[in-house]
Each structure stands twice: as structure tokens, then as C-alpha cells.
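K.L.:
Let the sequences and hints guide you as you build the complete structure.
The lines below spell out each chain.
2 protein chains.
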Amino acid sequence: MSDSRITAVTPLAGLRIVEISSFVAAPLAGMTLAQLGADVIRVDPVGGAADRHRWPLTAEGASIYWAGLNKGKRSFVADLRSPEGQQLVSRLITGGGQQGGILLTNTTDREWQGYDALTQTRPDLVHLEITGRGDGSTGVDYTVNAATGFPSVTGPIDHEGPVNHVVPVWDIACGLYAALAITAAVRRREITGAGSRLVIPLENVALATASNLGFLGEAQLNGTGRPRVGNALYGSYGQDFASVDGVSFMVVTLTPRHFRDLMSVTGTTEVVEALATALDADFSDEGTRYRHRDVLTALFARWFRARSAEEISGALSGTSILWERYRTFDELVSDPRVTANPLFTDLRQPGIGTHLAAGAPISVDGAYQPARVAPHLGEHTDALLRDELGVADADIARLRDPATDSTKRTNP
Amino acid sequence: MSDSRITAVTPLAGLRIVEISSFVAAPLAGMTLAQLGADVIRVDPVGGAADRHRWPLTAEGASIYWAGLNKGKRSFVADLRSPEGQQLVSRLITGGGQQGGILLTNTTDREWQGYDALTQTRPDLVHLEITGRGDGSTGVDYTVNAATGFPSVTGPIDHEGPVNHVVPVWDIACGLYAALAITAAVRRREITGAGSRLVIPLENVALATASNLGFLGEAQLNGTGRPRVGNALYGSYGQDFASVDGVSFMVVTLTPRHFRDLMSVTGTTEVVEALATALDADFSDEGTRYRHRDVLTALFARWFRARSAEEISGALSGTSILWERYRTFDELVSDPRVTANPLFTDLRQPGIGTHLAAGAPISVDGAYQPARVAPHLGEHTDALLRDELGVADADIARLRDPATDSTKRTNP
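Protein chains in written order, with numbering that gives the first Met the number 0: chain A, 0 to 411; chain B, 0 to 411.
By construction, these hints were calculated from the structure, which means they are not laboratory data. Built from N, CA and C at the ideal position, the CB exists for glycine as well. Honestly, I wouldn't trust all of these hints.
[What the hints assert, rightly or not] Cβ-Cβ distance ranges computed for the label pairs, FRET-style:
# : chain 1 : residue 1 : chain 2 : residue 2 : range
1 : B       : G160      : A       : P349      : 34 to 44 Å
2 : A       : L298      : B       : D281      : 53 to 63 Å
3 : A       : G113      : B       : G160      : 44 to 54 Å
4 : A       : P341      : B       : T353      : 45 to 55 Å
5 : A       : R80       : B       : A49       : 53 to 63 Å
P.N.:
Take a look at the structure:
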């Protein structure tokens, strides 16, 4: 096999992937594969899937979210309730030549798009389903997260009740696991000729992560899980501080050198050493710094409280300390880390407007690939019907808009 | 190329990857590649890297965290400060035959392991560095997160100041992007013969995610970013509720059917309809449900507050509503979703103890691969020195423990 389209920035060029998806995990997986060069066709029911109008919206009601997660794909719309529409999509999935036959789906409740049905015509299919839970039952990031334990340890120390994360971490991790699993399965198929039947349950992504990071092992081996510690860094010394002008900073010290620099810049070296002696504590040990974090924070906070954000930034800059000024989304979008970051493209997205959009966060030979526009819903339906599925022009209008055919049900 | 080791559960078998890493992102990337069948060798300095004693710890002081993120790898220890140690590791990276020559590193401050140095002997190297920020400066999940905007919208509505997430979402996403980028680059090398030079900055992973999900576009296009909405679902109706016996539930309704079921089960159909009429609101629209969430929550909460957790679970189970009972880590580890989940293996981890550990959250042909033990630090040093690097037995003891050679500096 040789393919001139395969370059360092398009390592997956040649692959043809069909995605039947909605919300975050599966669309992110497909978009990521497209960012690496694959031809990804997102399939939607007539009118779009349940994420078609997901917030945030523009003032005109277009979904910024939908545009953000479908960049660089082709869009195919079909009546997924009709046998004819299902057959067309099945042919799209199983076609595409040697490097087609790859399905990414999170809508597993339809038999026609199942592994068994599709491998009747394409035995080497790479079939990946994203499900809610391992038993196939439903679940979304918010419900899966509730069971993981994380909401009970996130948030202010004195808060009672769970605190949800805002970034949908399980969806993101699930989408990236899916992109990886497909890529690895493709490598296997290219070497052995065999396809794969893969399922990634969102809940198992969350549980595996909680296990990998030691949250579950801690509860099981030590008999008690991690407590809620607010913005403190667990097991080492890190904390947020506020300046006199009300700006918050996150400060992290992972090594003895970081911690010495924090004492030095805040002028607390002598008092912390006196404290260490009085407490018989060795602050070169990160666990000891963690256990005594409250008194240490009280000492350091005096220095932060007496200074402006600008003074604090200037003083911390010359040190080894890991630190960052907290920003809101409003501050971030006008910050050079976005406006002057080669990760971002000033993207003219039809229906949405021109805005800075990110490409894949993978620099290749020192450069990022520009972000590409998302399709409008059904943009590539006609071309795919005609060129890939061999449908006659006379039938294309009917298939494009089944609502005009009174014998067909329309999707809600 | 043909390789009998490549099966559906080991699609990356044959690959030999060297990982020079610490903390979360790079170790997670390496472990994930190992879970897919690759031979991953983690390289550490004498005494271990900075994450060697990272919390959580067992009562005996062993790192549950380290064991969790290094499962299924081989461990090689060398004096990374000495030219001799650097040369040995360089040979390990560039060796490994046709499918070796893959480096995953998050310690980019050493010239000898840079792309330019290593491609002198191995031009087809796949070289992936994880950095803090795009300009190469340092950053960790906690500091990167502070700049993303998420802490300003996470946490209770009435809370002032930032709320950090506890799950290190950027590290996790960065590690999975790294595993994917390496796998895609390997596919390219297998087809074209060419290597790749890849860099993934942790901060750019966070910014790309904020962009993909519309958080940045919303602030830029609408002039104002998302507010803090507590545990509410943004743009649709979802909320947490407490039972009379103090158990919290997360309830999510994404479709009109979900919402109708929530009204029905809580006996509020008539009152919500009266409310809709009085407010001239159409609750079949998810944005309308979101805008009126406070009054809706007040109505629904009465039903939850009057019932036990068991009654609530029973009533919600028969509906289409997406819901989950919040659990602590302590509750989770004895819950069937962990104890009866085929994702988990009762792993006997030397130095840590027997506990339930997760494999990769990817089911292949309906089954999960069992979790494998993590090595002890340096477990494979001797074998790799002898068998892969051709070091004479007389030199192995000296290289294994450079501290015994008084002419060498020891690592701190």
C-alpha cells in the first residue's frame, strides 16, 4: 500500500469513516480522526440528531457547540427510520473501498447498524460503539459522573452536597479512547486483514480513570477515600491565593526547589523554618507540606493579599514555582495565549460567524494544522448519493427530503 | 509484515516504545499503548522520577498512583545525568528493530533525547514530547486549568472565587491524544517509512477542548461567556436533588420525552402545564426549560424531598429519565458497578496489595483484557542491559546502581 496523501500531518489519510452520532464523545472521536487526515462522514437523521440545537447558541440560534464538534467532516442526511434510508447508510458504512468499512456510532439501539448485520456484507468491518454503561444501558457524562465519587470531593471544603465538573471529562476521554481504538484496529486490519468489534462504555471510561489515578485503590486499600480539600493539591503543596485587587492565582510546588522558591519570594523562609522546628516537621517532604497546608497557606496568603496581581505576576515569574493567574472565558478569548497561539485559526464558519477555532492540539514539525469549517447539515448528501451510492438524479431529491414523499414518516 | 502477536485485543503488538515520563499525561499514554499490546519501557532516573512517591500512598508508603499509571510496562533505570546512562537510553530508544524507534517523553529539557540528536542514528524515529505550554514553558494540570476559564464556572452558584476540578482532565486528554498521535504516526511509518516529530502542549489540549465544546466561541461570538450555574445542565434541564434521607441524585432530561417523564413521575404535569401557560413558555424547547430551571427545580424538589433514596430509585427506574445516585469513592468500591464489572481484575500488585484494578475501557468481542501488574522500579534493567543493549555482566551491576561507583554523581 502506498498513498501520497499520507503526510506527517495527515497520518490517517485514505481512511473512510462513517459516524452516526450525537452529543460529545462520538462527534469528538470523529472530528479528531478527521483532524488526522481521515475522511469522516457524519450521518444524521432528517432534521439533525438530538444535539442539533445544543447550547451555546449564537444570537440567531445556531449551535456553536455543533459547529465546534463537527469541523472537517462531511455531512450526510438520511431517513434513518425507513428501510431505504438504512440500506443507503449501510452501503455507505460497508463501502469506501479497502480503507472504508469503519463505523463509529453511539446509537446502538438499531439492529441494522449492528456488527452482525453489517459484517454480512463486510466481514473486515471495524465497528466501534459508544454506550452509556457496560450493560448497554443509557448514561451521559453528568449521570456517569455522579456515580464516580468525584463530585463528593470537588468544590469548596465547607460545601455540603455534590459539585459537578463543568468540563465533560468522561465524554472527552471516551471520544479520544474511541479515536485511538479505531486507529489501532485499522493498523491491525492493514496487517492481518481482520476487522474488530469494539465497545466503549462511557461509565467504564470514568471507572478506569478513577482506578488508574488511584482514587479507587486508595478507598479499597486504605479503607477510606480522598477527602474534599477545596483547591488544595492533594498530597503535596499547592493552593489558590487572592491578590489585593481581587485576582486569584493557582500556585503549585511539586519539588523541594519549588517550595524553597515559594518561601523565598513570599519572604517566609525564616518563619517557615521556625515553624518546621516547632512542629518537628520536614517540609522537604511533600506529604508533610500537604498535612500542614493550612498553616503554610495562612503564612503565604499575607504576601499575596498585600500585593496587586501585577506585582505578584512579576515576582513569581522569576522563580521555579508553577503558577497561573485564573482567567474567565471572557478574559481568555482576548488573551495572547489564544489570540497569538498558532493552534487557533480565524475561521469563517457559515451560519455561525468568524471566530478563533482550534485545530488538533498536536504540533507536527513545529506547526499546527488550521481548523476547517464544519459542514452544514446534509451538505454532502447529494454528492454522496450520486457519486458513492450510484443513486440516479431522479431519486436524489426524494431521498434528500423524505418529508416531500407523503408515503414516508418524517422524523420528529 | 505479518505478526501472529497482533490480535483483536493486541492491535499494537510488535511495537516497542520507550517512555521517559512522570506524573499523569505521559505515563497514561504509555500505559494505554501497553494495554493495546505494545511493549512499553518506562525509563526512570536512579531513585525514580518526581512522581515516585505521589499520593495516594498505602499505609506502608508505596504509591498507589504510580502503580496505577504504570501497569503492564517494563521498567528501566539509568543514571540519566551521566553520558554513559544517556547513551544507553538513546540506544534503547533508537533500537528495537523495525518497530522500535518510538519515544514518548515529557522531559524535554535534555538535548540528548531531542529529535535532532536521536534522528542522527534513527531517521525514521517517531518522537513525541508532551510540554506544559506551546512555547515550551512549564505547566501542570492545575496551573493550565486556572487559565482555561473552567474554574470560574465550576462550583456552587453563590460561591465566590475559582473552583478547581479534582479529576486532572487535561492530563488525561493529553495522554490519550499522545497515545493516538503515536499510533497514527506508526501507521504512517508502516506505509511510507517516514518518522514524525510531534509535540503536544498540555495547555493547547485544554484550549482546543474549550474551543471544540464552544466555550471560547460563545465568549467571542456572543460577547459573554457561560455563567456559573452550579449543578444545573447548561442549555437544557438537568439538576441535582436530595432525598429525605440525604442522598443526592443527578437528573438529566435531554428530550421532550425525558421531561414529560420527569413531570409524570413527580406528579407535576398539571402544575407545570399551568406554569407554562401563565409564563407563556414552551417547555418542549430545551432552552426554555433551562431558562425557567429555578422554578421547575422548586416544583420537582418537593417530590424528591418527601421520599427516601430507595423510593426515588424505584420510581425513576421505570422511566426514560437519565439519572444517577451520587456515590462517594468509598461507596463506589463496594458497588456492583465495580465489584461485578468485567472491566476490573483482582490484581495482586507487589508492594501495594491485592485490589480491583481496571484494564483498558475498551471491550473487544464482548470482553475486557485483564489488568496487568506494574513493574517495580528498575525491574527490567538487568535484562534490558544484557539482552537488548549487549552489556557485559561485569558492567551490569555498576550501571544498575551508579551510586556504588564513586566517580559518578548520584541523583537527588
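K.L.:
Range hint 53 to 63 Å: satisfied by the CB atoms of R80(A) and A49(B)?
P.N.:
holds, 56 Å
K.L.:
Given the hint of 44 to 54 Å, check if G113(A) and G160(B) actually sit that far apart at their C-beta atoms.
P.N.:
Once the Cβ atoms are compared, 49 Å apart, the range 44 to 54 Å for G160(B) and G113(A) holds.
K.L.:
When you take the CB atoms of P341(A) and T353(B), is the distance between them in 45 to 55 Å?
P.N.:
holds, 48 Å
K.L.:
Between G160(B) and P349(A), does the C-beta distance stay in 34 to 44 Å?
P.N.:
holds, 40 Å
K.L.:
Assuming the hint says 53 to 63 Å, is it satisfied by the Cβ distance from L298(A) to D281(B) or not?
P.N.:
holds, 56 Å
Figure legend: structure checked against the earlier numbered hints; every hint is met.
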